[in-house]
Amino acid sequence: MSVRALDDRLAPYRVGRDGPFGLDEAIHLARRVECGATPARMAALAAAGLEGALDEVLSDAPASPAEAGLLAMGARIARRGDTDALAAAWLLRFLGERPWREHLALFWHDHFATSQDKVADLVAMEVQNRILLESGAGPFAALLERVAKDPAMLLWLDQAASTPLRPNENFARELFELFTLGRGHYAESDVLEAARALTGWSLRGGRFAWRPEAHDAGEKTILGERGAFDGDAVLAIAVAAPRRRRFIAEKLCRWFVREEIDEELGSGLAALMEEAGDVTAVFLRRLLASRLFFSEAARGALVRNPVQLAVGALRTLDARVATTELARRVADLGLALFRPPSVEGWRNGTAWLDSAGLVGRQNLGVLIAEGEDGPLRVRSRLEPETEGAAVFRAFLGRAPDEEDRRLLVAAHPDPRALVGALMQEPEAQLH
Amino acid sequence: MLAPRMTTAAALILLVFSGGVHAQSERSAVSFLPDDLDLAVELVRPGDVWTAFRSHPLLAAGAALDPRFDFSENADLRRLERAWDLLRPFAKGPIAVGFRNRSTPRLALVLGDPEGLGAEAFLRRFARAIEKEDAPTPEGDPEDGILQLEGVGQAVAREGRILFATHPPLLRRMLRQDLDGSFAAREDWVELATEPVELRALAPDLPPLLAKADGGDPPKDLFGVLLLAPFAADLERARSARLQGRFRSGQQGLRLELVGEDPAPEDWTHSGRATSLLPSGPETLGRLQLDRDLAEFWRRRFELVPAAGRQGLAEFTQGINTFFAGIAFDEVLAGLRPGTEVIIERNAFETDVEPDLKLPAFALAFRHEMDEPMKDRFRAAFQTAIGIINADGGQKGRQPMLQATARVGEVEILAARFLPDPREGCRELRYNATPAMAFAGDRLILSSSRVLLERILRRPSAAGPTAAEDAAGGDGGYVLAEPSLELLRANRTPLQDSLRLERGLEEDEAGAALDAALAATSKLRGFSFSREREGRIARWNLSFRLDPRR
Amino acid sequence: MQRRRFLGGLAAGALAARGPWPVLDLAGAPEDAERALVLVELDGGNDALGTLVPREDDAYFRARPKLALAKDATIRVDDALGLHPALAALAPHAAEGRLAAFCGVGFPESDRSHFRAMDVWHSGVPDREETRSGWIGRAVRRAERGEGGTPPEALFALAPGRAPLVLAGAARSVTAIRSLGDLELRGGEEQAKAVARGLRRSRGKDSPRLEEVRRRAEHALAFGRRLDAAAKAAPAETRRYPDSPFAAQLALAGSLIAGGFRRSVHHVRLGGFDTHVRQDETHPATLRVLAEGLDAFLAHLGRQKREKDVLVLVFSEFGRRVAENGGRGTDHGSAGLALLLGEGLRPGRHGASYDLETLERGDLRALLDWRDLQDRLLSEWMGWAPERPLRDGLALLAK
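Protein chains in written order, with the working numbering: chain A, 1 to 431; chain B, 1 to 550; chain C, 1 to 399.
Isolated chain A (complex conformation) (with noise of 0.2 Å):
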């Protein structure tokens, strides 16, 4: 009630008085959430009315046996060392089952921007990703300690390099920066007192050490608040820092919702968080249920970024393709799996879209036309009646006009060219 009070657009979106469920807001939430769906799943999304197609996108059923395969690959892939096969084997866990634990496991990876190309150590950037696909819609403080003690974070931020004597202050600057608080939240002071609390925390044979002879135990004044602490204790901080729960909640509102957001809206996402206990999953929920996404200014306001956009297009095909030569084409498109450009992650919204970018996301849309004859190697496995329309409207989220009928035409009956050609316009950059 409090988050009303707050601010009436993340008010829970009630079926009738605000507005349909139909195919369109089907459509709308699959969109976001699985990055595309099948014309079919769509329908039955649809069908289940809004209550039921959030049961549905948000699946809490446990990985399948075939999840569980091809997490074992990706551990497999990892000993051998090859980033770019791991890269391709995440992309194909993306295509499977659990879509939207992939595309939260995405938002960390950006949010938790961690590269293969400083750590050098692909079994750990896996067990990295297996943390944020396990923890990924729990609870924040649970995802945030395990990321923070695992040894590619450890390697990346140089934690694990940190002494009293040289107490190394990466960590702790990103940790109030980008993990938790954003700039303007803390003062260089604070990075400073973090960073002599974080030292002790080590690596040793690979893993998580606490070697309390490298710990700095003095006393030290973190964000206001005084004491001996330790590693654990700037977590929790950090954590319990009144702006921690708005910076996450803003920031997950702009991945799945949209991109602008005011004060009072900020102010609405953050109480909404404290209701969902700070659990992602909760939060994502709510926010999935509010008037808010459903509003018409969260409609195709958003830039798919290269994943989000193949991933899109293949989901809609119900696709197997060759997941290699894909990781590949998106890494060329700017988004690299397991090497962000820097800590802060991958720069989002109409950045993707530069010049490169664009010609890039259309020729992957000449890709994916080629179907099996192409390196992408595309097979669809959509129904052979499914209509050319329903493949229009479930990828571009609206429903043909008369002056798109010369598209169908010109594409049928081969989804994978209805698809391709659909890349080619502006539209589909959004969703």
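These are calculated hints, taken from the structure and not from any lab test.
Since the model is a prediction, treat every value here as computed from it, not as a measurement.
Some hints could be false.
To spell it out: a stretch of chain B is covered by chain A in this simulated footprint if at least three of its residues, at any positions, have a beta carbon under 8 Å from a beta carbon of chain A; those stretches are [unchecked claim]:
1. 79-89
2. 488-502
3. 505-515
Glycine residues also receive a C-beta, built at the ideal position from the N, C-alpha and C atoms.
Use these hints to put chains B and C onto chain A, whose structure you have.
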């Protein structure tokens, strides 16, 4: 320039024709070719060539794993098969192909016509085979029976055969062999024709033939040069070339002889070696021997590598020098005598847990003449290298390598192994690498696996099923199919993984593709190649051994 | 004492005047709105003393007993300095007045780590961690905001591998390409029609976001056509370049400039300068690749009548230690060498030669702050607002 379609046609002719029935006159097909061609090819039994190609186990295995090798998927292969079907009636006996590469390249063909289909039928089929369906009706000269099809060529029926040429003067020459001299009358051809093979070719004057041939990019890296430069050098020096091919079941092989001027001083390639440095054994998968003077090669590396590779070479030199810090790499090489051998064997795993990817082990051997102090410095360099790996790995939280020594008889082995990774799922060594080195008599042996090195040292010098092949001099190598297949089977899971990722196959589809590929390859028993030099002749042999029972 | 010696080496009046930078001679140069800048990064830390050799300095021979080059082996630049013989391809350019050199350029606080030093050079911000924008990118941003000068038509990152930070920070995006065909539509004319149809159809839809996408897609299509036109106007001259990946980057820069991107900034990179051991073997090979590539590039510009429009800056993240190490190599140092190539220069050495008598931690002292050189290039060559107030002439680092 020869039109690309024509080049394709030439390739088709070489590959496609089949048959096996001798229906023509006694006169050989090559005897219809004039003697001033740059290249003449005779397919004595075109059918065998086609069958060998079409049913080759490697092609079948390739097709199972990758549609690009599948006749029903690949457009080029489909085109090839269609062309073969079209032209089959003319390929029931020996055929000859002639080629002249001067200002305008020209192509001549001599084919059989046992069914009496005639020149017009041939031209029409040929036009379709090279996809010139839109060609007009052939026009004929009633006097000499020569038919012309614009954009394709001329053909005439003679003595139960079809003679074809891309240019009228060439066809006229073919019809006047008695006056002008026939290619078949050349002494070198007569010599070549005595050997009973299915394919033979002679290029009496190689330089003009190669003049416009695009040899592709020269190898850009050091190892490419190390492997391929002798071939390029042979080719450069050659005046003429002879090729013979056998395509009978059981054994298939190509033998290329390049006849050059007297061998140039061999510089860094050497020939004539006595015994094998690395005796093979039951675990051997294959081996490679290169007669090179590495010291000389290294000294001249910047001139041998094309400009494009120099940047990388300078970086490589820096890297290798870091590894050999404290010892001059040139000095190390100077202590080596010509001749390098590589052996590949099934790996032995020292832990109870095997790695996901079971790579084979390999060893590299040189003959050396280092004195004791030099040997010690080399050993120290080995330890430095391990130290560098550890220092680097330590920064990245990786497991260190532990050094140890072992002994086989009098020989001391230096080796290192990774300490087991305590992390879950990582206990297995990533590449089961246990790098090792030893000086054994005049041999310096480096190996990726200590167990392999011990194995080699325990082996009598002439043991194993392939001892005879081990001893052959010159460049050479072989791969044995059976143990290699076993290795593939052992790596089924990672292979299946990569088929799923690289081809987008479902798990069961990937499994089926692997089974089909393994079944096809099981017909293969081995592959070998060699290069020998004998005075003016460089001889390259490639051969496949097939299992005739399967 | 040292300071006086340094001042004595300066070009006359350099310190005094507010006037134009004495390094450039812009008599024949086009308007600054038509000038291009090419940044050549020598990756790994180039050895300044082994590139532009203090051929008369005894201290050099003492510090480099094994690596020092004989006096007459070098290519004379002036009484004090000579180019490494592997740079022979640059000799004509030096002789004809197209080469200017700065010995001892650095930052006030140097860091011998490659990564940190690279970030500092690219960002132009030595006093704090800055990994988000570079000195060019920020200057372009200022121009875009109307704070001085004409923004470039394009920023090109032509080297494979990591994106050059120096170009980041502008509103316009950096175009990272390896060849003129990189923005080609895979589906050719047919695809171009489909794209154009999409652009037409999405016009006038009531969505600002879609309008933004449409605008960018329109720009991409036009930019691709410009590249295409550039390829046609200036056919790739790769054949007239030596066969090296580095020269290929320069060939592309040449084609872009000759093909119509007159107002542009290009970044290319050559690796292999981290010469800890056997520098006498590896450094010459790498220098040769550098010199032959640059020579072909300058010749290319000459053939296209663009030689007056382009300035080339050759730099490295740091120089190397003065004394050689035990492995006939040199270790990471601090101050290094900057070379400028082009027509609009006053050639030769600017500022003092190396000071091998007063070293800092065994390194060359920085005689010139990189930021001053960077700012001068921004303002005097490209006509953009400098980052800091311009300091007079070649200012000595405050010490």
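Consistency of the hints with the structure:
no., hint, verdict
1, 79-89, "violated (count 0)"
2, 488-502, "holds (count 7)"
3, 505-515, "holds (count 3)"
The structure is inconsistent with hint 1 alone, although it conforms to all the rest.
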